[in-house]
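2 protein chains.
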Amino acid sequence: MAGDTVVGVIIDCHGHYTTAPAQLGEYRDRQRAAVEADPQHVGDKGVVAISDDEIRGSLENAQVRLQQERGIDLTLFSPRASWMGHHLGNAHTSRFWTEHCNELIRRVCDLYPERFAPVCQLPQSPGTPIASSVAELRRCVEEMGFVGCNLNPDPSGGAWDGPPLPDRYWYPLYEALVELDVPAMIHVSASCNPNFHTTTSHYLGADTTAFTQLLTSTLFADFPGLRLVIPHGGGAVPYHWGRFRGIAQDLGLPPLDEAVLGNVWFDTCVYHQAGIDLLVRVVPTENILFASEMLGAVRGVDPETGHAFDDTRCYLDAAGLTDVERQQIYAGNARRVFPRLAA
Amino acid sequence: MAGDTVVGVIIDCHGHYTTAPAQLGEYRDRQRAAVEADPQHVGDKGVVAISDDEIRGSLENAQVRLQQERGIDLTLFSPRASWMGHHLGNAHTSRFWTEHCNELIRRVCDLYPERFAPVCQLPQSPGTPIASSVAELRRCVEEMGFVGCNLNPDPSGGAWDGPPLPDRYWYPLYEALVELDVPAMIHVSASCNPNFHTTTSHYLGADTTAFTQLLTSTLFADFPGLRLVIPHGGGAVPYHWGRFRGIAQDLGLPPLDEAVLGNVWFDTCVYHQAGIDLLVRVVPTENILFASEMLGAVRGVDPETGHAFDDTRCYLDAAGLTDVERQQIYAGNARRVFPRLAA
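Note that the protein sequences, when read in sequence, are chains V and D. No gaps in the numbering here: position 232 of the first sequence is 232 in my numbering, and each next residue is one more. No gaps in the numbering here: position 284 of the second sequence is 284 in my numbering, and each next residue is one more.
Derived from the structure by calculation, the hints contain no laboratory data. Among these hints, one or two may not hold up.
Going by beta-carbon spacing under 7 Å, a handful of chain D positions derived as facing chain V [stated by the list, open to error]:
no.: 1; residue: LEU204
no.: 2; residue: GLY235
no.: 3; residue: ALA236
no.: 4; residue: TRP241
no.: 5; residue: HIS272
Keep in mind the model is a prediction, meaning the values are calculated, not measured. C-beta: ideal position from N, C-alpha, C; glycine also.
This is chain V alone, in the form it adopts within the complex (with noise of 0.2 Å):
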């Protein structure tokens, strides 16, 4: 099946700006010192002062490179996600601190417009209202071109102590979402809380439970338009995909694809076969986004396969599936979730 593969354009929905230059840190240290000495730190914007030649150089041998490495011809770029850091500082400081992360995606995606589609993060701060990351969102979308933005289930870092997701308090963000034409990924920040480690049991965690809430609520008959991408292949979903099953039954709910599956994607951030092949096995194939979250949580090489963890093209393609189900998969699903890469 891989030796006579046809593959078209490949569009990997779920990439960091992991490499971003080193001012960009420095910027949240400065932040988080002056929080740490004052919790009610307002300051100001101010400046991340990074030239064109420093991106360049931070994505030349990385992303860029390993695109074309793998024939991946564009990807969904965000800033980090475990540097969102929702939890610390205040409102105020998570204002100035995403602006300026999204404003930095901007000009990777201003170098690259072949090679990179912008998608945000958005000012979320516990126990502040949802408006600000309204406006943000609007921001980019309406005045800088991105398709899309990241959604952190529990900004609190591991805490989870603030409203689920089906919570009244999520749905100015959704009504924008809709109106915008934009999906979000629900996707969680680092952990602070030391039972979690962060790209494993967090990042997982997230997932399903932002799944389950999703599949017990009646979010999606509120917002039929409303479309969510579930990272890291599901969480634990896919490989639970008869307990899910089975309890929504148990629940009188609908079946997976009525209740859910006309809302929600999965991406394909699953790093060996057997995972993969699962994914591919009990997921609907329009449900699929191909993903790599490169450079991510896994930066290593596979003793036993020879390819990196993280290349999860090499999976799809050795998954059997025939020439439509992979298009749809590498692309076509995409362009229907974020229709606005069509601009």
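For this one, chain V is given, so just place chain D on it according to the hints.
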């Protein structure tokens, strides 16, 4: 393969007394009312008056009938996990409640010595020393013939604000487990956090969290003889085996088989064929324990197969295992992990 299956004894390592007579719940309701009126309430142990016939009546048309229908010889039987409720009440009420639950399990096993072997819950209570759990473990194993226990890694019920499993807080319990030569299944109870749904996101998230805590610690260097079972097929772990392998490598840890698989087992509470196929494909056979968790999280019949979702034997019989592998998973591994079963 399934056609000429040779199956010996089948041991289900994960069953809960979810059908206990109403008097048990009524006792708990009175206890909860008392601590609601006075959080420091001590009270006394009191009595849960249930007759032998009532116990038989609660099992005959439930677990026992399903054991017979499915060809399960023996179930390792513990109190209802979602009712452990370590976050409810205080250390005193948790102790009395736990003693009653465990004594009821002992009575079940006395009535059906061929069908059930006893596994205890522990009187955990957030913020209190682990000594009371050690005492109850000793009472159950040394005086009442229990063969294992359930250990709640998050007695807060979803706040996850206690010490992680590798913390020294837990060491006296691990010392007792090793000395008594019994394993612990890492199993949370009900979630009181509206973000988590008990039998999906909370259970599966906890399984993944526990595995990650064990992997990223040196606990098994301190307790090379400790044996821990992670239920529900290991949460998200086998589906993300590549992520865990890759992150272990990135962290400079030994491979998973060296790092954890000498001390950790996964059960087979995965309720569809594709999930079981993945589990047996990626996890070494010697680390898999047959289990169905019946009657537990999912009680319906899968309309796609005509089998109960939790009839996990169907999936294992169809998983393409050799006779030797199947016998390991059905009984051989359980005998090694629960050596007191031989008594």
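The hints, checked one at a time:
The restraint placing D:LEU204 at the interface with chain V holds, with a minimum CB-CB distance near 4 Å, inside the 7 Å limit. A cut of 7 Å between beta carbons decides the hint on D:GLY235: the least distance to chain V is about 6 Å, and the hint holds. Checking D:ALA236 against chain V: minimum C-beta separation of about 4 Å stays under 7 Å; hint holds. Interface restraint check for D:TRP241: the shortest CB-CB distance to chain V comes to about 5 Å, inside 7 Å, so the restraint holds.
Interface restraint check for D:HIS272: the shortest CB-CB distance to chain V comes to about 3 Å, inside 7 Å, so the restraint holds.
This entry satisfies every hint, going by the numbered hints stated previously.
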